[in-house]
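Novice: For the record, the sequence lines run as chains A, B and C.
Count the first sequence with my numbering and you get residues 1 to 266, in order.
Count the second sequence with my numbering and you get residues 1 to 266, in order.
Count the third sequence with my numbering and you get residues 1 to 266, in order.
Some hints could be false.
Distance ranges between label pairs, derived from CB positions [to be verified]:
#1 A/P27 <-> B/P27: 17 to 25 Å
#2 B/D111 <-> A/E200: 47 to 55 Å
#3 B/D111 <-> C/N28: 32 to 40 Å
#4 B/I120 <-> A/P215: 17 to 25 Å
By construction, these hints were calculated from the structure, which means they are not laboratory data.
A virtual CB, placed ideally from N, CA and C, is assigned to each residue, including glycine.
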Amino acid sequence: MICVLSDYGTESVYVAELIGAIKKINPNAEVLSLMNNISRQNIFEGAFLLRSIAKEYPEGSIFICIVDPGVGTKRAPIIVETSKHVFIGPDNGLLYLAAKEEGIKDIYIIDTELLPERKISKTFHGRDIFAIAAAILSLGYKPSFIGNKIERIEKIDIPKALVKNSSIEGKIIYIDSFGNLITNISIDDIRLANFEKEKELEVIFKDRELTFTLPFKEVYAEVDVGKPLLLIDSFDLLEIAVNKGNAKEYFSANIMENVIIKKQWK
Amino acid sequence: MICVLSDYGTESVYVAELIGAIKKINPNAEVLSLMNNISRQNIFEGAFLLRSIAKEYPEGSIFICIVDPGVGTKRAPIIVETSKHVFIGPDNGLLYLAAKEEGIKDIYIIDTELLPERKISKTFHGRDIFAIAAAILSLGYKPSFIGNKIERIEKIDIPKALVKNSSIEGKIIYIDSFGNLITNISIDDIRLANFEKEKELEVIFKDRELTFTLPFKEVYAEVDVGKPLLLIDSFDLLEIAVNKGNAKEYFSANIMENVIIKKQWK
Amino acid sequence: MICVLSDYGTESVYVAELIGAIKKINPNAEVLSLMNNISRQNIFEGAFLLRSIAKEYPEGSIFICIVDPGVGTKRAPIIVETSKHVFIGPDNGLLYLAAKEEGIKDIYIIDTELLPERKISKTFHGRDIFAIAAAILSLGYKPSFIGNKIERIEKIDIPKALVKNSSIEGKIIYIDSFGNLITNISIDDIRLANFEKEKELEVIFKDRELTFTLPFKEVYAEVDVGKPLLLIDSFDLLEIAVNKGNAKEYFSANIMENVIIKKQWK
């Protein structure tokens with residue numbers, strides 16, 4: 001099974017060509033076109049989503065993940081093997097979060113000389129390199145058949161939330177298709193700060209000096225339609241949401257904005 | 001074959017995770033991600049679309065359908081077996097139209113204690129309950145293996161059009177991706193009213209007191225580009241459309257608006 | 001393998017029904033829903049995309065391609081066999097570019113009397129004719145089983161770029177999901193004009209009498225973020241782009257606009 005994530009655009013011609021390039025080499029490969037609407041050239045978002053998604057997939061799944069602002073420059077095309085999955089994409093940090101979470105076994109730089117002969121465009125390595133590499137691995141070949149082991153991978157990290165005495169300082173790291181604001185504040189951070197029993201919490205959008213007191217609930221429907229709330233979401237992260245509404249619009253919030261969570265003064 | 005319909009958003013991270021959760025249990029399951037752009041939390045639209053789509057699918061297909069504003073509250077996760085298909089989703093009316101059309105055989109409430117052990121988030125039963133249930137059924141297990149029979153299902157209904165002496169009173173029940181206005185007035189209603197031979201019909205947008213006289217045609221291309229028309233569409237319903245145009249914009253029409261169709265006064 | 005391209009809209013109910021209609025006849029058919037966001041009723045764009053995509057797919061692939069403003073009128077439903085693929089769709093030029101490129105072997109008009117009995121709507125031949133035909137061919141039947149050979153196919157052509165003494169006159173024939181402006185000026189035209197070594201080229205948007213001098217590069221990242229450039233893209237066509245930006249917006253460009261490329265006066 002080959003899973004595709006990219007910023008090429010949902011149902012774009014580029015994804016269609018990439019899938020064809022896989023199928024031409026391995027017509028029996030099952031290709032799942034999962035997300036091609038990663039925010040354009042947003043490596044961080046791609047890395048966060050890949051990590052969240054890969055977690056759910058069975059062992060042996062191959063992931064092609066492409067957010068590649070440096071396509072055609074010297075950033076390397078790599079394959080990362082973990083104990084569970086294989087990740088293929090540009091070495092720009094995109095694959096790091098998922099690979100680190102699962103435990104990196106081996107990293108290979110793809111040697112395009114070892115791929116089946118094919119003209120390699122300068123601008124579309126998704127089709128001309130990554131798809132080909134994935135197809136070959138899906139046939140049962142080992143990464144060493146088309147690549148050479150290397151020692152290091154480009155890293156990025158999700159900024160860690162800071163648990164202080166009576167507050168947690170975090171960031172909005174992802175805004176989903178509903179406009180929910182997903183922070184980097186984990187369920188463990190909440191426990192560490194002893195906030196998990198609170199009925200309400202203060203949310204400070206630090207960069208804009210705005211403070212709101214929001215109910216801290218378990219599910220969206222616990223507040224009235226159109227009302228904001230905090231909850232621990234399916235990423236196990238603290239989320240700022242609006243029941244049946246759009247929190248991004250409600251709070252005019254921005255990705256990567258700083259948020260501070262505080263116990264309410266009583 | 002497992003078909004997925006939801007309001008999670010096209011190619012959203014939630015759909016990707018849900019598919020993974022199925023594949024982890026049954027890697028051989030064929031998963032078709034059909035529509036995840038159902039209008040957010042619009043149970044009625046989801047029910048209408050599920051009924052229209054299920055009709056086309058072979059016997060034995062399993063449908064996961066999720067529009068679930070009450071996720072995490074006491075609405076039950078259910079499985080409905082008909083003579084042709086299996087429907088899995090929240091018991092909020094969403095599954096009712098399709099199931100009723102096919103003939104309900106058995107209804108089960110999913111017992112999450114009987115599912116493979118997995119942390120169940122409060123906000124994402126699509127991944128944590130419905131996908132798991134579908135995966136298990138796709139392996140050949142019976143619904144009774146993971147659920148308990150219940151007697152009733154939450155119902156909703158498509159409002160019926162009213163055929164009067166010289167008019168039909170209906171509603172716009174769906175607006176498609178082209179902006180076509182699909183009414184609840186069926187081909188049978190049209191016949192009952194003796195309108196099927198009419199060359200033109202009056203369309204009254206009742207709530208806004210607007211009246212138009214539109215040609216009643218068989219296909220879009222029978223009127224000039226940009227011109228409005230009425231026709232019986234592929235749902236076998238009366239549709240208000242604009243050739244190569246957008247009827248929603250042309251008429252500033254709204255979902256669930258009342259429309260009256262009349263023979264033209266001669 | 002059956003590939004679907006259409007202007008029905010990404011994840012629209014129509015695509016979902018079409019896939020079901022295939023699966024009901026051949027549950028084992030692998031259906032790839034590739035692009036359903038072709039610009040509405042834009043036959044030229046559909047033909048260009050089908051040609052680009054088909055190139056990547058293995059022999060034996062069946063393509064359903066539907067952009068069908070004349071649905072229900074007398075334009076014929078056809079099957080085109082080339083040495084590599086089978087194309088199914090309306091005879092309005094849509095299939096021509098791909099078929100011509102691969103070499104047309106035989107053309108058939110689908111005889112709906114020979115299809116399995118099914119009510120054929122006037123407005124949705126994608127589901128009621130093309131999907132059925134594709135499903136039957138995917139079972140191994142020959143086109144002659146459901147159609148009659150015909151001699152000619154409706155043609156369209158991509159306007160050819162004109163290589164003059166010191167300029168090339170072309171057009172913007174496709175604007176992709178990133179806003180990149182893809183012209184009909186091929187890598188061969190560039191070579192013929194002896195432009196391939198130029199560091200900069202003049203781009204004249206002829207219809208609007210606007211002239212820009214743009215760097216002629218190999219990859220996007222060779223210019224600063226937000227800066228425009230020319231390059232040969234993955235279609236092997238000259239493309240006007242903006243690094244990490246949107247060239248359509250940058251140049252307020254329009255599809256089918258005339259562009260002239262000139263060596264810079266020195």
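Novice: Checked against the structure, which of the hints given earlier come out wrong?
Specialist: 2
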